[in-house]
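Engineer: So you can see what is in the structure, the chains are spelled out below.
There are 2 protein chains.
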Amino acid sequence: MKAKVHVTLKSGVLDPQGKAVGHALASLGFDGVGDVRQGKYIEIDLNDTDAGTARARVEDMCQKLLANTVIENYHVDIEG
Amino acid sequence: MKAKVHVTLKSGVLDPQGKAVGHALASLGFDGVGDVRQGKYIEIDLNDTDAGTARARVEDMCQKLLANTVIENYHVDIEG
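Each protein sequence line maps, in turn, to chains C and G.
Our numbering applies: residue 4 is where the first sequence begins, and numbers increase by one.
Our numbering applies: residue 4 is where the second sequence begins, and numbers increase by one.
Chain C on its own, in the form it takes in the complex (with noise of 0.2 Å):
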């Protein structure tokens, strides 16, 4: 099955990232545009068969290595 992991910095942590890409976007003449945020996205192919037991092992990897969790929450959906 698959995992999909979304990670994503915690709202009041500055996104200097995104502020770029906003004004990126302000400066190719995009109006209305507000704040923009970056995140990571990852797929994740695993071996597992039960969906409960790969959702437990997504998050630990979260935890111990995708994730700062300190700044960052994530987000994991496991298909397949």
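Among the hints, a few may not be true.
One copy or any two copies: either way a pair holds, since identical chains are not told apart in the list.
For lysine-lysine, the following DSBU-like pairs were computed, each having C-alpha atoms within a straight-line distance of at most 35 Å [unchecked claim]: (1) Lys22 to Lys5; (2) Lys67 to Lys22; (3) Lys67 to Lys13.
Hints are computed from structural coordinates only; laboratory data are not their basis.
For this one, chain C is given, so just place chain G on it according to the hints.
Structural biologist: Frame of chain C; chain G shown alone:
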């Protein structure tokens, strides 16, 4: 309304960042992990009130700035 954009490498394009994550997971003891692919996830606040207009604008943003369409695919979701 809010646009949620996923930018992912096209299949066949090497993903060294994803490979590094895969190796790091293996070295942390997570077995049964296959291919790992890493992409970008961008949230954009928009002033638009019409979902169709918003989608067209965000797809234009992807073409011009957010994605390198030679090697990357993008997917736009409009909410709100």
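Engineer: Hint by hint, note whether the structure agrees.
Structural biologist: Tested hints:
Taking CA atoms no more than 35 Å apart as the test, Lys22 paired with Lys5 passes in both settings, with 31 Å inside one copy and 16 Å between copies. When the C-alpha separation of Lys67 and Lys22 is checked against a cutoff of 35 Å, the pair qualifies both within a copy, at 28 Å, and between copies, at 17 Å. In this assembly of identical chains, Lys67 and Lys13 lie within 35 Å of each other by CA distance both inside one copy and across copies; the values are 17 Å within and 28 Å between.
Going down the numbered hints, you'll see the structure goes against none, and every one checks out.
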